[in-house]
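Could you build all of it, start to finish, from the sequences and the hints given here?
Listed below, chain by chain, are the residues.
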Amino acid sequence: GNSVTQMEGPVTLSEEAFLTINCTYTATGYPSLFWYVQYPGEGLQLLLKATKADDKGSNKGFEATYRKETTSFHLEKGSVQVSDSAVYFCALSDRNAGNMLTFGGGTRLMVKP
Amino acid sequence: DAGVTQSPTHLIKTRGQHVTLRCSPISGHKSVSWYQQVLGQGPQFIFQYYEKEERGRGNFPDRFSARQFPNYSSELNVNALLLGDSALYLCASSLGQIDSPLHFGNGTRLTVT
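Residue numbers (this note's numbering), protein chains in the order written: chain A, 2 to 114; chain B, -5 to 107.
The hints are simulated quantities; they were obtained by calculation from the structure and are not laboratory data. Every residue gets a Cβ at the ideal spot worked out from N, C-alpha and C, and that includes glycine. There's no promise every hint is true.
Stated by the list, open to error - Stretch by stretch, here's where chain B covers chain A in the computed footprint (C-beta under 8 Å, at least three residues):
#, segment
1, 45 to 53
2, 89 to 96
3, 104 to 114
Stated by the list, open to error - The list that follows gives simulated cross-link-like pairs (lysine-lysine, DSSO-like), each with its CA atoms no further than 30 Å apart:
#, chain 1, residue 1, chain 2, residue 2
4, A, K50, B, K46
5, A, K53, B, K24
6, A, K57, B, K46
7, A, K50, B, K7
8, B, K46, A, K61
Said to hold, decoys possible - Covered stretches of chain B (chain A as the covering partner; in silico rule of three or more C-beta atoms under 8 Å from a C-beta of chain A):
#, segment
9, 37 to 47
10, 58 to 72
11, 90 to 99
Structure follows, in structure tokens:
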């Protein structure tokens, strides 16, 4: 079956530090890959996505590249802000299963001023 | 435009009771999905509906059921509640095509005592 593994948190960084959150996946087909962000008390917001190998998704300074050879989709940001503090979820969707998303366990990011 | 709306926002029930959660999708979206998010974990897929028909079902017991109405709103029903059903229940809507992004509501927080 499909699965997503992401690094456990919390990840604590100082403002303007470089961020990497690792995500690897297992899938039977050719999935699309996503990063979602969840702020306290809210639902999930789509941060970025990539639909095929070597695609790079980007949004709000965050980037992730679909690496089929390493089955990875690591999230990066060059300079984090306090407002980036949230829980980040890596997810995949399997084209053979409609839009059903398989999520990782989430990584909490805490950015200190 | 209004986003995905869910009601109620919070709910407290006793073991053995049943509960109905409601979701209104974004205007124009014909697909609704339900996810369960236990505290500290990633969301788990429960159901997907498209044009009032069930398109997918996750690994949940028959106590969980759902339906979609002609106006594309949806209800999730859970019977014979267990303590382990305590979670944040998220509804997401989309256009329904492959790779259509999911838009999540803020969820209903269910506590079973």
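The hints, checked one at a time:
1. 45 to 53: holds (count 5)
2. 89 to 96: holds (count 4)
3. 104 to 114: Since three or more residues must qualify, the claim that chain B covers the segment 104 to 114 of chain A holds, with 4 doing so at under 8 Å.
4. A:K50 / B:K46: It holds: about 27 Å lies between the C-alpha atoms, which stays within 30 Å.
5. A:K53 / B:K24: Holds, because 25 Å separates the two Cα atoms, which is no more than 30 Å.
6. A:K57 / B:K46: Between K57 (chain A) and K46 (chain B) the Cα gap is close to 35 Å, so the pair fails against 30 Å, i.e. violated.
7. A:K50 / B:K7: Status violated; Cα separation ~37 Å.
8. B:K46 / A:K61: Distance of about 36 Å is beyond 30 Å: violated.
9. 37 to 47: Holds: 5 residues of the segment 37 to 47 of chain B have a Cβ under 8 Å from chain A.
10. 58 to 72: violated (count 0)
11. 90 to 99: Answer holds; 9 residues pass the 8 Å Cβ test.
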